[in-house]
Each structure stands twice: as C-alpha cells, then as structure tokens.
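Assemble chain B onto chain A, guided by the hints.
Protein sequences, first through last, are from chains A and B. The opening residue of the first sequence carries number 3 in our numbering; numbering runs sequentially from there. The opening residue of the second sequence carries number -11 in our numbering; numbering runs sequentially from there.
No lab work stands behind these hints: they were computed from the structure. Keep in mind the model is a prediction, meaning the values are calculated, not measured. All C-beta atoms in this analysis are idealised placements derived from N, C-alpha and C, irrespective of residue type, glycine included. A few of these clues could be false.
What the hints assert, rightly or not - Lysine to any residue pairs mimicking SDA-like chemistry, simulated, CA-CA at most 25 Å apart: (1) A:K331 to A:K280; (2) A:K35 to B:R8; (3) A:K152 to A:A116; (4) A:K35 to B:A13; (5) A:K394 to B:D14; (6) A:K349 to A:G192; (7) A:K280 to B:R7; (8) A:K35 to B:Y23; (9) A:K201 to B:T16; (10) A:K201 to B:M(-11); (11) A:K152 to B:P11; (12) A:K91 to B:P22; (13) A:K123 to B:T16; (14) A:K91 to A:Q132; (15) A:K201 to B:R7; (16) A:K91 to B:G21; (17) A:K17 to B:A13; (18) A:K201 to B:P11; (19) A:K280 to A:P318; (20) A:K349 to A:A379; (21) A:K91 to B:R20.
To be verified - What the simulated footprint calls covered on chain B by chain A, stretch by stretch (three residues with Cβ under 8 Å from a Cβ of chain A suffice, anywhere in the stretch; the number is not a length): (22) -8 to 0; (23) 6 to 18.
Listed here are the chains, written in short residue letters.
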Amino acid sequence: MDALIARTPQAFLAKQNIRVHTGHEVTRVDPQKQRVLVRDLHSLAERWEGYDQLLFATGARPVRPPLEGIDCRNIFDVHNLVSGSRLRKTLDELRPRSAVIVGGGYIGLEMAEALHLRGLKITMIQRNAQVMPSLDPDMGERIGQSLREKGVDLRLGETVQGFAQRDGLAVAVLTESQVIPADLVILGLGVAPNSELAKDAGIPLGVKESIRVNELQQTETPRIWAAGDCAQSYHLVSRRPAYVALGTVANRQGRVAGINLGGQYATFPGVVGTAISKFMDTECARTGLSEREIRSLGLQYVTGRIEGYTLPRYYPGSAPISVKVLAEKGSARLLGVQIVGGPGSAKRIDTAATALHAGFSLEDLLYLDLSYAPPFAGVWDPIVIAARMALKEG
Amino acid sequence: MLIVIGGDAAGMSAASQVRRLQPEADITVFERGPYTSFSA
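Just chain A, with the same shape it has in the complex (with noise of 0.2 Å):
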C-alpha cells in the first residue's frame, strides 16, 4: 500500500518545508478575521490559525443515502485509502462469497474487476436501464454485455430501497420488488463535493453544492480559493458551469491556484468531460457529451458510428473497438465520442478530447496526421471514420 502514497508529510517538511498536518481537521472559517479553527484529532484540542490566503482543496466524499441498515460493517464505499485498505481487510477476514455492488458506473466497473478477480458471485444494481450512464444507452449495453459473460448478474431498473441485516451484517440488498442475498454491499453511487465548511462560512456554491471559483481558482470570497474535487469547473463544449470530481482536474486546477497564490498567473481553461475504465478486456472511454446532455442544451446533432479493430485484422492482437461520434447538426462542431473495445481502445479518446479542447468540426479530423504502423493501428483511425459517417449524415 505505502507504494500508493506519492509522498508522505516527513517528505513534505524535508524536501519542501511544507508542513503537513495530519489528522487536523478545519471546522470553521472566520472569512472576516481571517482564520480558521483547527481541530487535532487526536487529543481533541483546538486553536485558531490565522491566513492571509486560503485554499480550499476539501475534496469529495461518496453519496450514502440515509436508508436502513446502511451502516452496516460489510458494507462500504471505496473512496480513499482508507476505504480501500478496510475493504480489503474484510475481504481476507470475512471470506465473502458474494457480493451486490449498487451503482453502474466507473466504481461500481472496477469493483466488479476487482471481485470477479477474486472469485466472488456478483450481482450489479442499476437505477437506469443501462450500465455506464455517462455512455449513451447503445454504447453502454456493450459493457453490459461484457459484465454478463462474465457471470455479473445485472439488475438493470433497480433502486435500492434498504438492506436486510443479522447482527450488524448486511444480509441482502433490497429494491422494490427483489430481496438479493450478499455477503457484502459495495456502494457506488457518486459523489458530492465536501463544501459545507465553505458553506457556513458565506463563501457561495454552484453546480451540484461545488464552491463556486473563477478561471484563477479563485472564490467570490477575498483571499479564499478552492481546487480539486470541492469546486467547480467549466465545461468547455456546453459552455456552461460543471461538477466533476477526478483526481485529473484535482492536480490541475491544484497546479493553477498554486501558481497564482504564488503570485505568477495561471488560468484553468476548463475540462471536456473525458473519462476511461475497463472491466476485464473491455475498455470504454467518453469525452465531450453524451446524447442525453446535448439533448438536455437543445442542440440538433448528428452522429456517426464504426465497428472497427485497433489493429489491422491480420495483425496478432488486433481486437473490436466500436466508436461513436456526435457534432452538432450544420455546423458540425464535434461534441462527443465514445469507445467501447477490446486492449488498446479506450486510450484512443485523447485524440477526441484533445479535438474538442481545440474546437475542432468532423472536417478538422478528417485528415489529421495520425501514427500508423500495423502493430499500432489501422491506417484510417476508427475516430477519424466515424467522424466522416457522422459528416455523411449530415
């Protein structure tokens, strides 16, 4: 586990002189006198520290709806390190046979992986009637397919309502309409920014409760800026405010608030909602937007589809990759891509994400210099002819 850890405080204070606190917690900032009230953990006491700049990087936490018998000790969420190693433990000591993982999407994948690949019986429960939802329903049912071969039973339009327990144990998930036996619950339901503090401290939120910051990281609040998980984005093909909670955008706009606490300038121009997970062989990746979110700005779009290989067909290892573009209706601005594949798709997205940071149109991909040679890919990259079947679409 310690190989996880990228630095530890001793680290911090030897190579940087920053001093890093561990188990303190800030339970109150005072915006006017500039100080927040520090709580140490361990013994409990606390003191008032004064700032002349402040930044929140609070994080997020998982979403636990308040249902019974949702703190029962078989069932977690997996959040941290924390979360993880307390999982791991149980998984040793409680031998679970199997599992009931609530939530569809990019936890609830990997912690499908992660139990498949240590035998446990799985059953996934999903709200909607796909798995994946940040995909479109067609792409995600590619994922769905893959988590059924492997023997994940999936229980698509499924709510969890509580859980049944024994002595403190869960003993199965129950929905509407099914009672389904588990060993162990593992929750992946989302996240919410940790933004009470800045909250209560009259600092003002915006998307989904996220503290609200300018390009410069900066809140509306003086001296006082957030980064990361607690604050909010831009997205730059709705071109509208955006919550997303991933350690990419955490170590970037981290990067931006430094340099201009620093006292250089910097700006976060802002993300594109690209996103990558795998289950077993299949991989999948999105950027830009889904059908259901252009749908949601009332844009006309197009959308172009391939079933193609990373490789070329005679090539060992070559494998199906399905790619799916979307771009707005006449003007043909790209909007979105998706893939769904074999080893060697999903990381494809970075052309995609990298055209839609650069407001690129189906024309701008059609004749990108893109590497070719067999063992690396075919000579038309599936983006670029799922793009030219979107344009053909009009």
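Just chain B now, with coordinates in the frame of chain A:
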C-alpha cells in the same frame, strides 16, 4: 501565511507550486485523514 485545507491531489499540487515559486513562503496544510497525496 498560506493555509491549505486538504492534503490530497489539489491541495498538495497547489502547495508544491507555491513552494517552487516562493522559497520563503509559510505554508501549512491541514489534512483530517492519516495520509497525503495518495493515488486513486
């Protein structure tokens, strides 16, 4: 005096940038958990 609330990706990226640009800056990070900067 810069105070950072939270010692993971965003907080530690910011703190490291400030240190790089201002060798003398006074930087304190408060993290309620037991770890900093883990991979997730």
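Do the hints match the structure? See the list:
1. A:K331 to A:K280: Violated, at about 31 Å.
2. A:K35 to B:R8: violated (28 Å)
3. A:K152 to A:A116: The hint holds at about 13 Å.
4. A:K35 to B:A13: holds (21 Å)
5. A:K394 to B:D14: Outside the cut-off at roughly 59 Å; violated.
6. A:K349 to A:G192: Holds - the C-alpha atoms of G192 (chain A) and K349 (chain A) are around 23 Å apart, at most 25 Å.
7. A:K280 to B:R7: violated (37 Å)
8. A:K35 to B:Y23: violated (29 Å)
9. A:K201 to B:T16: Given pair K201 (chain A), T16 (chain B) holds - Cα atoms ~22 Å apart, limit 25 Å.
10. A:K201 to B:M(-11): holds (23 Å)
11. A:K152 to B:P11: At roughly 54 Å apart (the allowed maximum being 25 Å), P11 (chain B) and K152 (chain A) break the hint.
12. A:K91 to B:P22: Judged against 25 Å, a Cα distance of about 17 Å means the pair holds.
13. A:K123 to B:T16: violated (46 Å)
14. A:K91 to A:Q132: violated (31 Å)
15. A:K201 to B:R7: Violated: K201 (chain A) and R7 (chain B) sit about 28 Å apart, past 25 Å.
16. A:K91 to B:G21: Holds: K91 (chain A) and G21 (chain B) sit about 19 Å apart, inside 25 Å.
17. A:K17 to B:A13: Roughly 14 Å between the alpha carbons, so the hint for K17 (chain A) and A13 (chain B) holds.
18. A:K201 to B:P11: Answer violated: K201 (chain A) to P11 (chain B) is near 32 Å, above 25 Å.
19. A:K280 to A:P318: Satisfied, since the Cα-Cα distance of roughly 21 Å is no more than 25 Å.
20. A:K349 to A:A379: holds (12 Å)
21. A:K91 to B:R20: The given pair, whose Cα atoms are some 22 Å apart, holds under the 25 Å limit.
22. -8 to 0: holds (count 9)
23. 6 to 18: Since three or more residues must qualify, the claim that chain A covers the segment 6 to 18 of chain B holds, with 10 doing so at under 8 Å.
The structure fails hints 1, 2, 5, 7, 8, 11, 13, 14, 15 and 18 (numbered hints given earlier, in ascending order).
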